[in-house]
Amino acid sequence: MPSSLRLASSFVVAACIFPRLISAVPSVSDPCAAIAGKTFVPPADALACYKAFPFSEKLRQNVLTNVARVFDFFTFENYYLNSPAPFQESTVNIRGKIAKINSTKYQTDYDFNKDLYDFTTQLNDGHTRWFPSCYTIFQNILPAPVITIEEKGVQGVYVAFDSVDFLSQLGPAYTGYFDSIKFDWKRLQGAKVIEIDGQEPYTYVDKIARTVSGNYLDHNVRVNSVFSSYRISGTSFSQRLGDLAGPTTVTQSSLTFKLIPVNSTKAETVNVPFLASYNGAPFTDSKSFWSTNCAANENTNGVDLKTLKTSELPRRLAKASIIQDGSRNAVGINLPPQFVPTLPPLPGSEGVIKSYALPDKKTGILFVGSFEPDDFFAFQSDVVAAVKSFKAAGITRLLIDLTNNGGMAQVL
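Under mature numbering (1 follows the signal peptide of the UniProt record, and there is no 0), residues -24 to -1, 1 to 388 are what the sequence shown spells out, in order.
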């Protein structure tokens, strides 16, 4: 969808363009000061800090004026009025929704921005999102990321088999919280999930795909995004929490599972608590939280290209990024080292492409982690190097792995 507009990059700071208009809601205690300096906090505490800033009509009008102008150039607006099968989930009356947000009475700036965030998420277009820097600075993390596998011909949902090694990488500040509340999250690793929030697990996964994941028109792609899975982040192997276990919003404090732990045949109900991770700059109170994460400054509103000489402008290639994991503030966690491929990588594996020849000497693996490389020309060179290596090794069968590849303009 090359002509889509990327609201997230263009207007993420619009909600903060008048920083002096907002001050913290008066209270006996400052909810932001209560969590200052902490890397991990209960989501209810993070949400209280978010809601410390009162609603401003002037900010709303500034934001919605800019949003409406962006949608004036949105090629697919008519498509969203009555999306054809199988994309009905994306049906949105864009102008009607903007009008509703413009007339709704909000108590806090967060409530307004959350409505706008949910609206753009429902478009299921990763190029067109609203990520206000103020309110995507925390990420909820559930110590029970889920996967889907097939066992004896039957598909099922399980707590990830590597969840202990995976989440332990977050350090004692994360794991120690669960020790302090005497919650044994480690025993959930590998458990078979029977229900989530009182629903059949795949029904709940579909709900998350409809309401939380966003980014992709295809429902099945969004379902894949709900589960924890491996990927290439930067140039290294990493693992996603998945949209169920790692949402950008902090509106959930816990999630109830009915599951059967490993080495047990008895189902039990477990209420699993979330813990929110702070991924922003240091702050001490509501005022500094706003100035640090929300207020516009000389670095947030772009560059005036008219002031640059023509010779200074680099060549620009077509680019329309899909934003994964909620925002640029999403937590990045490495793939546990025991799961990183041990086969020697073939030439051309330095960037977002990883190439391997399997021991059968007939099968090659080309793992393309992204079609949005930092260096377009290096990407092309890596593809050529990989193909030459496969041919030189006598490879006759090629598996191309696009797991968690968000797409882009480059093609093979």
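Because the hints were derived from the structure by calculation, they are not lab data. A few of these clues could be false.
Simulated crosslink set (BS3-like; lysine-lysine; CA at most 25 Å straight-line) [claimed, not checked]:
(1) K90 <-> K34
(2) K128 <-> K27
(3) K34 <-> K162
(4) K128 <-> K242
(5) K34 <-> K81
(6) K242 <-> K168
(7) K27 <-> K73
(8) K158 <-> K81
(9) K34 <-> K14
(10) K128 <-> K81
(11) K90 <-> K158
(12) K81 <-> K263
(13) K81 <-> K27
(14) K282 <-> K263
(15) K364 <-> K337
(16) K364 <-> K27
(17) K242 <-> K90
(18) K14 <-> K158
(19) K76 <-> K128
(20) K128 <-> K234
(21) K263 <-> K90
(22) K14 <-> K162
(23) K364 <-> K338
(24) K14 <-> K76
(25) K76 <-> K183
(26) K34 <-> K76
(27) K263 <-> K183
(28) K234 <-> K263
(29) K90 <-> K128
(30) K263 <-> K14
(31) K76 <-> K90
(32) K263 <-> K34
(33) K73 <-> K90
(34) K162 <-> K234
(35) K73 <-> K183
(36) K234 <-> K158
(37) K90 <-> K168
(38) K158 <-> K168
Consistency of the hints with the structure:
This hinted pair checks out: K90 and K34 have alpha carbons roughly 17 Å apart, not beyond 25 Å. Between K128 and K27, the direct Cα distance comes to roughly 48 Å. Violation of the 25 Å bound is thereby established for this hinted pair. At most 25 Å may separate the alpha-carbon atoms for a hinted pair to count; K34 and K162 exceed this at roughly 48 Å. Taken as a hint, the K128 and K242 pair is honoured in the structure, with Cα atoms around 20 Å apart against an allowance of 25 Å.
Between the alpha carbons of K34 and K81 the distance comes to roughly 13 Å, so the proposed pair stays at or under 25 Å and holds. Taking the CA atoms of K242 and K168, the gap is near 11 Å; set against the 25 Å cutoff, the hint holds. A threshold of 25 Å between alpha carbons decides the hint, and for K27 with K73 the separation of about 23 Å falls inside it, so the pair holds. A distance of roughly 41 Å separates the Cα atoms of K158 and K81; the hinted pair therefore is violated under the 25 Å criterion.
Proximity of K34 to K14 is assessed by CA-CA distance (about 32 Å); at most 25 Å being required, the pair is judged violated. The hinted pair formed by K128 and K81 fails the criterion: a straight-line CA distance of about 53 Å is larger than 25 Å. Annotation: proposed proximity of K90 to K158 is violated, straight-line Cα distance about 33 Å (limit 25 Å). As the CA atoms of K81 and K263 are separated by approximately 24 Å, the hinted pair is consistent with the 25 Å bound.
Only pairs whose Cα atoms come within 25 Å are accepted, and K81 paired with K27 is accepted, the gap being roughly 15 Å. In summary, the hint linking K282 to K263 is not supported, as the alpha carbons are separated by about 34 Å, beyond the 25 Å threshold. With a CA separation close to 15 Å, the supplied pair K364 and K337 stays within the 25 Å bound. At most 25 Å may separate the alpha-carbon atoms for a hinted pair to count; K364 and K27 exceed this at roughly 56 Å.
For the given pair, K242 sits about 40 Å from K90 by alpha-carbon distance, which is inconsistent with the 25 Å threshold. For the given pair, K14 sits about 20 Å from K158 by alpha-carbon distance, which is consistent with the 25 Å threshold. Taking the CA atoms of K76 and K128, the gap is about 50 Å. The hint is violated against a cut of 25 Å. With a C-alpha separation of about 21 Å, the suggested pair K128 and K234 falls inside the 25 Å cut-off, and the hint holds.
At most 25 Å may separate the alpha-carbon atoms for a hinted pair to count; K263 and K90 meet this at roughly 20 Å. Proposed proximity of K14 and K162 is supported: the alpha carbons are some 23 Å apart, at most 25 Å. Between K364 and K338, the direct Cα distance comes to roughly 14 Å. Compliance with the 25 Å bound is thereby established for this hinted pair. In summary, the hint linking K14 to K76 is not supported, as the alpha carbons are separated by about 37 Å, beyond the 25 Å threshold.
Distance restraint check for K76 and K183: the Cα-Cα separation of roughly 24 Å lies within the 25 Å cut-off, and the hinted pair is therefore satisfied. Taken as a hint, the K34 and K76 pair is honoured in the structure, with Cα atoms around 16 Å apart against an allowance of 25 Å. Distance restraint check for K263 and K183: the Cα-Cα separation of roughly 37 Å exceeds the 25 Å cut-off, and the hinted pair is therefore not satisfied. This hinted pair does not check out: K234 and K263 have alpha carbons roughly 42 Å apart, beyond 25 Å.
Restraint check for K90 and K128: the C-alpha separation of about 43 Å exceeds 25 Å, so the hint is violated. In summary, the hint linking K263 to K14 is supported, as the alpha carbons are separated by about 17 Å, within the 25 Å threshold. Between the alpha carbons of K76 and K90 the distance comes to roughly 14 Å, so the proposed pair stays at or under 25 Å and holds. At roughly 19 Å between alpha-carbon atoms, K263 and K34 fall within 25 Å of each other, so this suggested pair holds.
About 13 Å separates the Cα atoms of K73 and K90, which keeps this hinted pair within 25 Å; it holds. Of the supplied pair hints, the one linking K162 and K234 holds, its CA atoms being roughly 16 Å apart against a limit of 25 Å. A threshold of 25 Å between alpha carbons decides the hint, and for K73 with K183 the separation of about 21 Å falls inside it, so the pair holds. Under the criterion of a C-alpha separation no larger than 25 Å, the hint pairing K234 with K158 is consistent with the structure, at around 19 Å.
Annotation: proposed proximity of K90 to K168 is violated, straight-line Cα distance about 33 Å (limit 25 Å). Between K158 and K168, the direct Cα distance comes to roughly 22 Å. Compliance with the 25 Å bound is thereby established for this hinted pair.
Hint compliance for this structure: hints 2, 3, 8, 9, 10, 11, 14, 16, 17, 19, 24, 27, 28, 29, 37 are broken, all remaining hints hold.
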